[in-house]
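Next come the chains, spelled out residue by residue.
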Amino acid sequence: TQLLEQSPQFLSIQEGENLTVYCNSSSVFSSLQWYRQEPGEGPVLLVTVVTGGEVKKLKRLTFQFGDARKDSSLHITAAQTGDTGLYLCAGANNDYKLSFGAGTTVTVRA
Amino acid sequence: DVKVTQSSRYLVKRTGEKVFLECVQDMDHENMFWYRQDPGLGLRLIYFSYDVKMKEKGDIPEGYSVSREKKERFSLILESASTNQTSMYLCASSLEGTGHVEQFFGPGTRLTVL
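Residue numbers (the working numbering), protein chains in the order written: chain A, 279 to 388; chain B, 3 to 116.
For the record, the hints were derived by calculation from the structure and aren't laboratory data. Remember, it's a predicted structure, so these values are computed and weren't measured experimentally. All C-beta atoms in this analysis are idealised placements derived from N, C-alpha and C, irrespective of residue type, glycine included. Possibly wrong hints are sitting among the right ones.
[Stated by the list, open to error] Cut-off 30 Å, straight-line C-alpha distance, at most; resulting in silico cross-link-like pairs (DSS-like, lysine-lysine):
#1 K72/B to K55/B
#2 K375/A to K20/B
#3 K72/B to K15/B
#4 K5/B to K375/A
#5 K72/B to K375/A
[What the hints assert, rightly or not] Restraint-style ranges between C-beta atoms, simulated for each label pair:
#6 A356/A to S84/B: 42 to 50 Å
#7 I79/B to K335/A: 23 to 31 Å
#8 R338/A to E98/B: 30 to 38 Å
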């Protein structure tokens with residue numbers, strides 16, 4: 279059973295459109311990380327959110343951590359083909375482990 | 003830049019073979035991790051190590067063992083490979099600390115067991 283549920287599993291959009299990826303859990307996490315993985319590579323960290331209600335912006339990407347620290351979302355504005363990849367959320371508490379979601383595969387068409 | 007390297011990008015082995023996957027990081031990180039990644043299941047933690055010669059089981063350790071004799075190197079061993087161990091294996095490292103700390107991943111080894 280996945281501790282973190284991501285939706286949708288797949289997303290295909292045209293360049294210039296907006297998209298949102300969701301990450302939900304019944305568990306509370308102390309912090310939540312978002313990674314992006316491109317084909318043939320390992321995941322790379324995009325952002326860490328630590329405070330309930332926190333919103334972080336990274337250029338065209340906006341990350342939000344839910345007030346109860348059980349859910350998060352990633353919104354991409356005016357998607358570009360370079361945004362194509364697998365987006366993974368991962369929750370952390372006060373041990374060494376990260377609990378990963380299954381990921382959302384985003385394809386941005388030119 | 004942190005660099006995590008894995009010994010092979012692709013590996014094909016036969017059922018019953020002993021398989022070694024090697025991972026090396028060059029940033030003096032204390033923590034190292036081995037995950038497997040399967041479609042629809044995300045990354046699942048096999049083992050991790052927070053210091054030389056120290057190891058702890060992750061969520062799916064059965065059928066695997068690990069070795070960390072030097073700080074920079076973390077090996078994953080499949081004692082007797084089975085077809086259900088066909089997967090993408092990812093190694094990661096991080097600075098000392100809890101899961102809140104960023105993990106740096108290698109490019110992965112795609113293992114096929116026939």
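To see whether the hints hold, each was checked on the structure:
1. K72/B to K55/B: holds, 8 Å
2. K375/A to K20/B: Roughly 27 Å between the alpha carbons, so the hint for K375/A and K20/B holds.
3. K72/B to K15/B: Holds: K72/B and K15/B sit about 26 Å apart, inside 30 Å.
4. K5/B to K375/A: This hinted pair holds, its Cα atoms lying about 21 Å apart.
5. K72/B to K375/A: Status holds; Cα separation ~21 Å.
6. A356/A to S84/B: 42 to 50 Å: The hinted range 42 to 50 Å holds for A356/A and S84/B, with Cβ atoms some 46 Å apart.
7. I79/B to K335/A: 23 to 31 Å: violated, 43 Å
8. R338/A to E98/B: 30 to 38 Å: holds, 33 Å
Hint check: a violation occurs at hint 7 only; the rest are consistent with the structure.
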